[in-house]
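Trainee: Sequence:
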Amino acid sequence: MIESQKEMGIQVSKEFQTALGEAQEATDLYESQYQKDGYRQECL
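Numbering (full-length UniProt numbering), first residue to last: 1 to 44.
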């Protein structure tokens with residue numbers, strides 16, 4: 001039981017790190033667009 005919980009924890013951790021990585025990429029992309037387009041955010 002403990003072993004499967006540990007494996008689940010590792011799996012969740014990997015998925016969380018993947019999600020964090022994707023969020024960071026999206027943030028970087030957004031910031032580069034934002035800087036390129038000036039204050040485009042105000043129009044949204």
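A portion of the hints provided could be inaccurate.
Each pair of labels, with its calculated beta carbon distance range [to be verified]:
(1) Y34 - G9: 48 to 54 Å
(2) K36 - K14: 30 to 36 Å
(3) L29 - M8: 28 to 34 Å
Computed list of lysine to aspartate or glutamate pairs in DMTMM-like fashion (alpha-carbon distance at most 20 Å, straight line) [claimed, not checked]:
(4) K14 - E3
(5) K14 - E25
(6) K6 - E22
Please keep in mind that the hints were generated in silico from the structure rather than gathered at the bench.
No residue lacks a Cβ here, since even glycine has one placed at the ideal position from N, Cα and C.
Trainee: Could you say whether the range 48 to 54 Å given as a hint is met by the Cβ separation of Y34 and G9?
Mentor: Roughly 36 Å apart at Cβ, these two residues miss the hinted range, so it is violated.
Trainee: When you take the CB atoms of L29 and M8, is the distance between them in 28 to 34 Å?
Mentor: The hinted range 28 to 34 Å holds for L29 and M8, with Cβ atoms some 31 Å apart.
Trainee: Hint check: K6 vs E22, CA-CA at most 20 Å. Holds or violated?
Mentor: Judged against 20 Å, a Cα distance of about 24 Å means the pair is violated.
Trainee: Do the alpha carbons of K14 and E3 lie within 20 Å of each other, as the hint requires?
Mentor: 17 Å, holds
Trainee: Mind checking the hinted window 30 to 36 Å against the Cβ distance between K36 and K14?
Mentor: Taking Cβ atoms as reference, K36 and K14 lie about 33 Å apart, which means the hint holds.
Trainee: Please verify whether K14 and E25 have alpha carbons no more than 20 Å apart.
Mentor: Roughly 17 Å between the alpha carbons, so the hint for K14 and E25 holds.
Hint compliance for this structure: hints 1, 6 are broken, all remaining hints hold.
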